[in-house]
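Letter by letter, the chains look like this.
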Amino acid sequence: MKKKEPLIKNPSFQSILTSLLCIILGLLIGYIVLLLINPSGAGEAIKTILLNFLSRSSHAARMKALGNTLAKTAPLLMCALSICFCYKVGLFNIGAPGQYEAGACIGLYAAIAWHCNWAICLLLAAVAGAVVGAISGALKAYRNVNEVISGIMLNWIMLYLTNMVLSGKNVKEVASPYTIKVSGKSLIPSAGLNNLFANNRTVTIAIPLAIIFAILIWMILTKTKFGYELRATGFNKEAAKYAGMKEKQNIIVTLAIGGALAGIGAACLYLTGYQQWSTTQTSVPTMGFNGIAATFLGGLHPIGTIFASFFIQSITDGGALIDKSVYPSQISDLISSIIIYLCGFVLFFKFAINNWISKKDKGGPNVNDVPVTDAPAKSEGGEK
Amino acid sequence: MVLLLQYTIIFASVLCLVALGGCFSEHSGVINLGLEGIMVMGALGGAVTMFLLPSGTSKIVIVLATTLFAILVGMIYSCLLGVACINFKADQTLIGTAMNLLATAAATVFVKAMNTSINPDNVSSSIQYIQEKKAFLKYFGGFEFNWFMVMAVVMLVLSWFLLYKTKFGLRLMACGENPQAADSVGINVYKMRWAGVLISGFLGGLGGIVYITAGVSEWKFEMGVAGFGFLALAVMIFGQWKPTNIALAALLFGLFRALSNVYTGIPFLKAMNLPSTVYNMLPYIISIIVLAFTSKNSRAPKAEGIPYDKGQR
Amino acid sequence: MDAPYAIEMVNITKRFPGIIANDNITLQLRKGEIHALLGENGAGKSTLMSVLFGLYQAEEGVIKKDGKEVKVNNPNDANDLGIGMVHQHFKLVQCFTVLENIILGVEETKGGVLQMDEARAKVKALSEKYGLQVDPDAKIEDITVGMQQRTEILKMLFRDNEILIFDEPTAVLTPQEIDELMEIMRNLRAEGKSILFISHKLNEIMSVADRVTVLRRGKYIGTVDVKDVTKEDLSRMMVGRDVQMVVDKEPAKPGDVILKVENMTVASKMHSNNAVKNVSFEVHEGEIVCIAGIDGNGQTEFVYGLTGMEPLVDGKITLCGEDISHDSIRKRSREMSHIPEDRHKHGLVLDYPLEYNMILQRYYQSEFTSKAGFLKRPEIRAYSERLEKEFDVRSGQGPITIARAMSGGNQQKAIIAREVDKEHKLLVAVQPTRGLDVGAIEGVHRQLIAERDRGRAVLLISLELEEVMNVPDRILVMYEGEIVGELDPKKTTVEELGLYMAGAKRNVFIDANTAEIEESEAIDTAARKEEA
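Chains as they are written, first to last, in the working numbering: chain A, 1 to 384; chain B, 1001 to 1313; chain C, 2001 to 2532.
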């Protein structure tokens, strides 16, 4: 069986192909919308969205803009990793935004009110996220509450709770709804990275940190005993139980880890000084939801999410650069949400590719090549 | 107090409508997390209709046209869920989430583009409908009566009738409980699920327009519908997928929502000096607690969330 | 009536990727007869019925009703032709009432409102006419399996179906219920209904059917009159050779007690009663003990309680002298191997490669995991390759084959390899031959006996009478959660075993008072048997 398989049969290649398909279709629809609004500048606008920082005029401006995009990619990547990790264990962590909020809440409070060192703030944010994740996990493990539902509820509870906590008088600016700017040792250090990006202070070690986390998550899932257990639980909870794995404990631990990742994600944004928390916001931050996009676009692979996160963040920032008097900047939100929607069709796309391959190979589809959805009745359902 | 009653009823109407929408979709076997997005689209449809209707249009035309377009847009939008989750067996959680994000983004883009095309300096994402909104209202003393309240009650009764007294309801619920059984007696599961999803688009869209006309006369579409779709989901679960219970749950959660708006006008609540966020949080906290105690013997449709595949029996 | 056949399927061929499920099959059902369709698992019976119901379209062949060719594209068409079916897995909505389930799909309405009263009257009339007792307003989730089956039959009668198909209807029933069902089928025949009875149980076919059509591996073997053949003839047609009724084995040499179960009680998930009540017995090293019984008499819960997947309500389990009553699954698995009832649900992670499934019970041991918590991939690969070779597990790509892509027999072999190779004193094998073909079944039986001869204690849980009679050294019969009999397979007969399984007889007692009465009954039956 050592015969070299053609590239198109390689599952990883198929994942990349389908992701690219989603992106192309998403961009196409976005372009059509731009054409409808105003045909004359549509081409230019979609180019700007795609090129993002590259569309800036000078080298320094380009690097600065790239720095900004990277600074926001880090938290997005952390959220995506949170969702990706849980998904591998069969849990849909739609509660990532809530865990993210919890991280922001405690991380910012520690930074502003107590002037803690950034590392301690980061750790506290992780713990806060983990606690919220663990609540979802415990509800699922012991009370049979679907993690999607409890996650959604917790997203809103944490939003209001965070608004309440960060409205305290020594954390919020007196005249505005925003929290006081993080400063001093509470800021995540740049360690010289800022110099590479035209002295952009928001470029910090959060970025390499997030990438290290991605690699770490990938290693845990595929190379360790812990990952073996978690993935077995995700594929077949009953079999995991049969093999003596503690599935309830695993559910809680998984969501706690997912929560910690999302919590760190919040710290990676708010502790760089890039943004302040608005205590009057009435909607759940989209960072967590965009994490879902990055997860699925990244082919549910921790390494894939690195690139997907960067892409999503890049088109979002690119959207802010287009001519606002003609086109709404939310066009890039539109594109990324269409991409998420299309990600729902990934399994179908892969199925179609495999069908097409087996037709080309003749001899009808080979059972081994066809994904789970196929194999009508013959394997299990047929005769009993 | 009158204000509290008025807000409670109008918010309860919204929640009831949208939760019933979710109820139909879930009874057919499709989890609809995209209710929030459907509401946004319904709100958009209704608001744009009000905005575009020439001034001086008769009240009845305003009411009918606005409602109709809100429903229509909601139903069209719900097709995104149907196509993906029924025909292509996509992950229902993923699609629902995508629909919520997409609705806000699309509505914002649409309204901004519309505003800019009328007045190049107007880049806001708001639509105003001060005059047109009056068509829905009637005053009884201090109580602001809204025709949508009647609609909510009518929809509630209709939903109950449809689910429990007609063959459509029987078949719909069979598809959500045991689609294989439904299929074996010749019921087209895909069709019934489509019906469930479209009805949820109908009711969700209607709920959307009711929500944005409830307290204000202009709406900023960047905000979406501020989590009301998710609150409706909580109402549906709290109401155990039954229309009558959903109505009661909607009243309770509507009360909390109303309290967060008007608690400063009620002396003893004001004296407690709780921030309004507490009232906002309460419905969600209650939902989680209730879920924690009822989920072990939940009445959720058994086959919900599982794509139906004719081949697998 | 000139056309003698109610329904005919002529030269049906249906292919699936990789296999021909039905190869030129002809089935002719006469009016007013009970016609059995006989075949092993995988013979193509279900596929043929799916074609008849329009769930699949046959590539070749025609379906005729009363001699005229018809097209069946979906279950509605089948219904229009008057064909109804009681599926093996009931197609009932659990939270609906019996009546709602019966009318589903053929509801009468007036002004859009469901007309329940007329339907209820019709159902009552039908159930009286055919002796199908059932409460129309009871919810399905609250009634017994037998009543659920009657609901399914009423569903067909309510639709005035003339052709009734029963797909393995007795698998889930108690012997009394089976007798009742046979009676019902005869009643239906007397009323002129044509019945197709799908089964692989020869006794039932001999007792109720007029004619029988036999399939083997997707091929048509023949159609015969039941009165012209013997059970042995049918059996030969079904499996293609004489069934070897006796498994070769030496007499057992039991040693020390390995497993001791005392007063074990396990709660049921389905109802508020206990599923397993006060069960006590021992298993020694070097013997195979079989727990026999009809499906659903507490065997599943018993295994869950024994292996730690469900907590005990009461009782004590001692394994190799250690009390394990409250130990975790993991801790019990040190001395206990477990071949689970459902290999897809419990036995395998279908999306994992074969090599990962081979270490499912041992992945955490130092042989496969380093101290730092990393998996030792080369060792895992080598281990899997060794097991595959030793136990003849065949797969497309060896260790990296995804378990889902393997055949049922090889999946089971992989599980057996894993459980037998791992360190253990007790092997719990739950229906280890379920869904396997004859060759594979023999292999599994050989493995069990080899285990015994290596000095292990083997506890076999089985529903198949043939297996129960031939493999074990001792038989315990479980009925409604209790052990009601202990039998020696060399001395007992299938008929006697059946009486125990049906709860008509018992020789193990827990309560002294009931003992006397029932003992006398037992003596009665024994005496009667001697007379005969």
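By construction, these hints were calculated from the structure, which means they are not laboratory data.
It is possible that part of the hints are untrue.
[As the list claims (entries may be wrong)] Derived EDC-like pairs (lysine to aspartate or glutamate); straight-line CA-CA distance at most 20 Å:
| id | chain 1 | residue 1 | chain 2 | residue 2 |
| --- | --- | --- | --- | --- |
| 1 | B | Lys1167 | C | Asp2137 |
| 2 | A | Lys64 | A | Asp317 |
| 3 | B | Lys1165 | C | Glu2118 |
| 4 | B | Lys1165 | C | Glu2262 |
| 5 | B | Lys1167 | C | Asp2117 |
| 6 | C | Lys2316 | C | Glu2379 |
| 7 | C | Lys2091 | B | Glu1218 |
| 8 | C | Lys2091 | B | Glu1177 |
| 9 | A | Lys241 | C | Asp2137 |
| 10 | A | Lys237 | C | Glu2310 |
| 11 | C | Lys2091 | C | Asp2142 |
| 12 | C | Lys2129 | C | Glu2118 |
| 13 | B | Lys1133 | B | Glu1218 |
| 14 | B | Lys1167 | C | Glu2107 |
| 15 | C | Lys2065 | C | Asp2160 |
| 16 | C | Lys2253 | C | Glu2486 |
| 17 | B | Lys1165 | C | Asp2137 |
Bear in mind the structure is a predicted one, so any value in this text is a computation, not a measurement.
Exercise. Between Lys2253 (chain C) and Glu2486 (chain C), does the CA-CA distance stay at or below 20 Å?
Worked result: holds, 18 Å
For this session: For the pair supplied as a hint, Lys1165 (chain B) and Glu2118 (chain C), confirm whether the alpha-carbon distance does not exceed 20 Å.
Result: holds, 15 Å
Exercise. Holds or violated: are the alpha carbons of Lys2091 (chain C) and Glu1218 (chain B) at most 20 Å from each other?
Worked result: Measuring from Cα to Cα gives roughly 52 Å; hence the hint is violated.
Exercise. Between Lys237 (chain A) and Glu2310 (chain C), does the CA-CA distance stay at or below 20 Å?
Worked result: Roughly 15 Å between the alpha carbons, so the hint for Lys237 (chain A) and Glu2310 (chain C) holds.
Exercise. Is the Cα-Cα distance between Lys2091 (chain C) and Asp2142 (chain C) 20 Å or less?
Worked result: holds, 16 Å
For this session: Compare the distance between the alpha carbons of Lys2129 (chain C) and Glu2118 (chain C) with 20 Å, and conclude whether the hinted pair is satisfied.
Result: holds, 17 Å
Exercise. Are Lys2316 (chain C) and Glu2379 (chain C) close enough, with their CA atoms no more than 20 Å apart?
Worked result: Violated, because 38 Å separates the two Cα atoms, which is more than 20 Å.
Exercise. Regarding the pair Lys1167 (chain B) and Glu2107 (chain C), is the alpha-carbon distance no greater than 20 Å?
Worked result: With a Cα-Cα distance of about 6 Å, the restraint between Lys1167 (chain B) and Glu2107 (chain C) holds, given a limit of 20 Å.
Problem set entry | Given hint Glu2262 (chain C) paired with Lys1165 (chain B) - CA-CA distance at most 20 Å | Status violated; Cα separation ~53 Å.
For this session: Compare the distance between the alpha carbons of Lys2065 (chain C) and Asp2160 (chain C) with 20 Å, and conclude whether the hinted pair is satisfied.
Result: Roughly 16 Å between the alpha carbons, so the hint for Lys2065 (chain C) and Asp2160 (chain C) holds.
Problem set entry | Satisfaction of hint between Asp2137 (chain C) and Lys1167 (chain B), Cα-Cα up to 20 Å | Holds, because 17 Å separates the two Cα atoms, which is no more than 20 Å.
Problem set entry | Restraint status (C-alpha distance of Lys1133 (chain B) to Glu1218 (chain B) at most 20 Å) | Within the cut-off at roughly 10 Å; holds.
In the structure shown, a violation is registered for the earlier hints numbered 4, 6, 7, 9, in ascending order.
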